[in-house]
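The listed protein sequences correspond, in order, to chains A and B.
Residue 329 in the numbering used here sits at position 329 of the first sequence, and the numbers go up by one each step.
Every number in the numbering used here is 358 more than the matching position in the second sequence, counting from 1.
A few of these clues could be false.
Derived DEER-like restraints, expressed as beta-carbon distance ranges [stated by the list, open to error]:
(1) A:Pro37 to B:Val417: 25 to 33 Å
(2) B:Arg593 to A:Gly39: 43 to 51 Å
(3) A:Asn163 to B:Thr680: 31 to 39 Å
Pulled a few chain A residues facing chain B out of the computed Cβ check, cut under 8 Å [to be verified]:
(4) Lys73
(5) Ala78
(6) Asn83
Taking lysine to any residue and the SDA-like style, the derived pairs with C-alpha atoms no more than 20 Å apart in a straight line are [claimed, not checked]:
(7) A:Lys73 to B:Arg593
(8) A:Lys73 to B:Val587
(9) A:Lys73 to B:Asn592
(10) A:Lys73 to B:Thr502
(11) A:Lys104 to B:Arg593
(12) A:Lys107 to B:Gln595
(13) A:Lys73 to A:Met105
To be clear, the hints were calculated from the coordinates, so they are not data collected in a lab.
All C-beta atoms in this analysis are idealised placements derived from N, C-alpha and C, irrespective of residue type, glycine included.
Here are the chains, one letter per residue:
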Amino acid sequence: MSGVNLNGIVKCYGAVEVVHGIDLTVAEKEFVVLVGPSGCGKSTTLRMIAGLEEITAGDLTIHERRVNRIAPKDRDVAMVFQNYALYPHLNVADNMAFGLRIRKMPKDEIKTTIEDVAGILGLTEYLDRRPADLSGGQRQRVAMGRAIVRHPKVFLFDEPLSNLDAKLRTQMRAEIKRLHNRLGVTSVYVTHDQVEAMTLADRIVVMNDGRIEQVGTPMELFNNPANTFVAGFLGSPPMNQIKGTLTQTGAQVGDTEIKISGAMNGQAGRDVIVGIRPEHITLKASKNTSALPIDLDLVEPLGSEALLHGRHDNVEMVFKADTDGDIAHLSGVNAVHINPDLVKLFDAETGRALNFGA
Amino acid sequence: MAEEHTTAAGQPIQEAVIEAQEAQRMPPNDGRWTRLFDHFKREWQIYAMLLPTIIWFLVFLYKPMYGLQIAFKDYSIFRGVANSPWIGLEHFQTLFSNDQFLRAIGNTIKISALNLIFGFPAPIILALMFNEVLHASYKRTAQTIVYLPHFISSVIIAGIVITAFSPTAGIVNTIIGWFGLDPVYFLTQPQWFRPIFVGTGIWQEAGFGSIVFLAAIAGVNPSLYESAVVDGANRWQMMWKITIPSILPTILIMLIIRIGNVMEVSFELVILLYQPATYETADVVNTWIYRQGLQSGQYDLAAAGGLFNAFVAFVLVMTANTLSRRYSRTSLW
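This is chain B alone, in the form it adopts within the complex (with noise of 0.2 Å):
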């Protein structure tokens, strides 16, 4: 029989080894902040990498928030951020009483309102498709082509948009006119902007916005569909009955993310599409944002423009979050 080998104090070796590896991971008793410096100094690799991220956080997010308090100033480039005197909230009260501004958020709204009846179920609908295709060569071309929108810059999108549009050349007055009916100048025309700038959207993103619950399909287990195939269910009520139950947390993950950019409309889009002529239905809280920041150099204005669409955001996000928490258990954090 094999020798029993003992430390010097007569307990035997791999009794002290144990012991020895129990007293590592039992945490020190001696305060919260002398734990949380070893946890630091063991795991310190970790938050090394998660550093670039926190700087980039720091200088590109939260530093320029300095600059919000000029939404609380009477702002002016030669005196600066700092010593521009303060005026309280007389900025939102000039926002609220501007008329663009209140059509601006009831345009944002009604476009983001449109986005997300026809625009977020889009992506869904186009992955459960993708799911039923059988012929794999057929399914792959199919996605590269739906995804390839998303990789062509706004610029050249709206010059496609444009063009397809035109009274003279485009596709949409050719086929109008085979059925004998006058052209139509549809990007001059105010009832036709939200249309157009809601489609162009879902044909841009969809595609690409399909892979996240194309991803969240190919996660659900292979055993519930062979469970409901020998069941006797056919492909849409497993359609039906697993997969979008399935995917719902996904689903619902994406639309808390989707309403906390409600108040983001495509910036670039909306200024590539819109003209005066649409502005009644077309300007939105960013491009107005823009228009006062930047055309006419008012600064300080547009930094509250800025700051209500955030803080409008927040409580959107907040709120979705928290009901979705509360009914499906599923939440962003």
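Bound conformation, chain A alone (with noise of 0.2 Å):
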């Protein structure tokens, strides 16, 4: 059974067309995160879903009821915001009862239900704070704690962590998923932080300008983009990408060769573009991989491993490798060493992942 289904969606602002026909098909109790660049249509998507957008073609169910033409509040949905939409003059117990107040339910069982959802936040000595006496994390948890009270049967989530800093950004990433993990409530989370994406989701959707580029586990995504643009967008540094041509055992990158597993089925001389993992690299040489040269500019500690930046054939590149506890020795590299497995390979024209089996 399916918990939200997108059935050629399409959104129209006027004349212009924002959302171009999205099928997805979300299961019931999966966390979906749907991840893509400013503009590419993922909140508006979100917002079709919430009922705050109105679908202007295609099909919405919710539990198997089309809710394209049902009001937001019967469609048994709730939302977390980016800014936490906490209203200001009310405190954090009334805060988290507006939407049962609203729906008339029983006073004693509204304090019962938020005494046990502030004890699952944390959040029970706050009660009887207003918003504005918060730390950000402790809004966030409120926008969560509003949203849960009301079990719904899908949870969405609007950038929900983008106005915290890093440390606690981590920390209610965690929380959100051990959140989902225990309530097991459909959710689809909208992010462009591809680490949010990558670490919360059971499946990524990646949008680009309307449309759904991939969908998958964040390991098949990560592991076999369908194009240049999911292997740019995921990973951090994203995926390296530069012009190559097929020869008979890979790909020639200027003046380089790199091997490649798998056979070419004789399209050698077919320009392509060659894909390299930052971390899929080694510093020394080993059995079967090749040596790519490159002029090294600057060396990124990050602690247990340092970002080397440098160029080959005029095209920017970032390579990830261990430090050791020393970077010393990363500033004379001179050419890192791709293993031919984990080489991807796109068409250079349509960007596509090409695949020649093993």
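Can you join these two chains into the complex? Each is in its own frame, and there are hints to help.
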């Protein structure tokens, strides 16, 4: 049974079409993350699911019920907003109780529900405080609490962590994941942060320019990106992409030939884009690896790892290398060694992934 | 690797620059007056921009206060302000033994109370109503229509009111006539002055006054409404539970200002609408001062009346501000 089903969903503002026929099925209890750059239509899609935006064309069903024309309150969804949307004049308890009072739930039941959810979220001691007296993380928890108390069928999250600092974001990310594991409610989460997407999602939906580029588990998308956009969007730093030409055994990139596993099936001479993940290299040559010379111009230490910024054939590239506690030995790097099993190929014209088989 | 540049003392350049910037930011430890002088020297452009306003206040609001002393003097225009003899609180005793002045205070308070009860909520209600109008061009047209009376001179407003309530050709009496009733000369009957005056004030100012509340409504975070929609609130609930509480600080500030002006009933409009037949309900402190000061030449007595007026307004605004700060964390200062 599907939790949320989008079938050919289109959104137009006047004559401008911003979402171009999206098809997506979110299974019950699944945590799906919509990710993409600003303006890709992910928030608009979420708002259409919430009922805050009208659907121009297509069908939206929630738990097998078509809800295109159903008011937001009757869709049985709860939404957590980017800026928390807490009522500044109400304290935490009243903020959480707002939706329940609107639905005329009995007072004692409201009190019990609020206390239970406040306990889950660690908000019990803050119930009398107003939002202005809370930290960013606490406010975010109240916003989630307000959604949880309603026991909705679907949770919708619109970039809920983007106003938090990096440390708090990591902490809240883990809390959201734990909460989802505990409550098991179908969730659709929008973010532009690929780390959030990778860590939270059961499945990721990568969107670009109002279209879905790829849907899959985080590791599917990381290991087998469908195109150069997905390859460039997921991963930190993103996949290095450099133009090349296929040979019988690999790809010619400038003066260097990179060996690639798999039969080229007589495709030699075809223009491709060679994709190399920053972490899929070694600094020492081994059997089967290909050396890719680079002009190193910057080493950024991250602790256990360092980022090596350099250029090959006038294309900027970034690689990751272990520091082993020191970065001095990295300043002399002039080539990286590439494992032929981990190189990705994309069509130079369409950007689509090429798979010639092993 | 890039070569590290150092100062003559061997300190890295970047470190030296940061230290110099910090030293500039830290106030020098040589006294409050020096710091104040440094502050003025650094920010003089801002104070220069403030200067015209300060000069305006000094010339038009503070300098005339010199003349207030005549409230405590037996003032003669021939002797001047400085040479007129002091007579203490004699004028105030005269004022409070004058039935007309006491009546004027009573009228002022009654008219202000009516203004506060009916006139203060009117622009708020209007703003809330405008906020619910979804049709943009209808909203713009309606707003323009209700803003217009504010820009009409009080003389013309009074002319319109006098004509509208005229017993011979006025629209009000024409309508009354349709029901077979006798015409009423509203503006000569004391019991009708206050409703007409307050109603005229609302008609003239409610639209323009709604702008400040509309601006406050525009500042309410739209996510609050979206969140409420998802929670199931209807427009009426959103107005009561989100819009009104969100603009409450603005409402309170406007209320404090309004309370401060309680004694300042619209002077021109009263002068233009009242007549001896309606003095009983229409004569307010300011019109009484005008008649005493300018028409009867009792400047000192009029100054005492004005000073009393200002004192009451001062006490009211201070009290309102203190109460508002204590109970709602909102205050003018």
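Now the hints, each set against the structure:
1. At roughly 59 Å, the beta-carbon separation of A:Pro37 and B:Val417 lies outside the given 25 to 33 Å, and the hint is violated.
2. The supplied range of 43 to 51 Å is broken by B:Arg593 and A:Gly39, whose beta-carbon atoms lie about 31 Å from each other.
3. A beta carbon spacing of about 36 Å between A:Asn163 and B:Thr680 agrees with the range 31 to 39 Å that was offered as a hint.
4. Hint status for A:Lys73: holds, given a least beta-carbon distance of 3 Å to chain B, under 8 Å.
5. The criterion of a C-beta within 8 Å of any C-beta in chain B is met by A:Ala78, whose closest approach is roughly 7 Å, and the hint holds.
6. Below 8 Å, beta-carbon pairs count as interface contacts, and A:Asn83 has one with chain B at about 6 Å; its hint therefore holds.
7. Restraint check: the Cα-Cα separation between A:Lys73 and B:Arg593 comes to about 13 Å, which is no more than 20 Å; the hinted pair holds.
8. Between A:Lys73 and B:Val587, the direct Cα distance comes to roughly 6 Å. Compliance with the 20 Å bound is thereby established for this hinted pair.
9. The suggested pairing of A:Lys73 with B:Asn592 holds, with an alpha-carbon distance near 10 Å, which does not exceed 20 Å.
10. Restraint check for A:Lys73 and B:Thr502: the C-alpha separation of about 36 Å exceeds 20 Å, so the hint is violated.
11. Between A:Lys104 and B:Arg593, the direct Cα distance comes to roughly 16 Å. Compliance with the 20 Å bound is thereby established for this hinted pair.
12. This hinted pair checks out: A:Lys107 and B:Gln595 have alpha carbons roughly 18 Å apart, not beyond 20 Å.
13. Between A:Lys73 and A:Met105 the CA atoms are separated by roughly 15 Å; this keeps the pair inside 20 Å, and the hint holds.
The structure does not agree with the numbered hints 1, 2 and 10 stated previously, though it agrees with the rest.
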